[in-house]
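Colleague: Sequence:
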Amino acid sequence: MKIIDMHCDTISELADRGGELWKNSGHLDLKRMQESGYLLQNFALFVDIGKCTPTPWERVCALYEVYRTELEKNKNRIVPVLCYEDILKNEACGKLSALLTVEEGAVCGGSLERLRELYDSGGADADVNL
3 MKIIDMHCDT
13 ISELADRGGE
23 LWKNSGHLDL
33 KRMQESGYLL
43 QNFALFVDIG
53 KCTPTPWERV
63 CALYEVYRTE
73 LEKNKNRIVP
83 VLCYEDILKN
93 EACGKLSALL
103 TVEEGAVCGG
113 SLERLRELYD
123 SGGADADVNL
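Numbering (my numbering), first residue to last: 3 to 132.
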């Protein structure tokens, strides 16, 4: 049976405490995901609006950069997905799938342009600059 985990705060943990997605001391890393039979992991970019400095938007951009960098370093193991077909393709290639989520929509500050940037990034394009 394949595992699909709908949420983890690993990206925030890596941003705040350091470490790498391949192997770390947190709750989740790619090594353990591979060993456990994962298919898909949702990676949340969590921003605590009330405790965020410098700004919520800058925080989510910094988290996105950690996500993008870690996936690039591990592109032979895990690939971002945007649709079901992407998951099937990754599975056929023996790779894990990553789905990017943003836990706090208020990071956009009411800006539809920022919401569009988050949507368009989807984690699939490493050249996107939030």
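Calculated directly from the structure, the hints in this document are not laboratory data.
Wrong hints could be hidden among the right ones.
Lysine-lysine pairs mimicking DSS-like chemistry, simulated, CA-CA at most 25 Å apart [as the list claims (entries may be wrong)]: (1) K91 / K4; (2) K25 / K4; (3) K53 / K91; (4) K25 / K53; (5) K53 / K97; (6) K53 / K75; (7) K25 / K97; (8) K97 / K33; (9) K53 / K77; (10) K33 / K75; (11) K97 / K4; (12) K75 / K91; (13) K75 / K4; (14) K33 / K91; (15) K4 / K77; (16) K53 / K33.
Colleague: Which of the stated hints cannot be reconciled with the structure, identified by number in ascending sequence?
Modeller: 3, 4, 5, 6, 9 and 16
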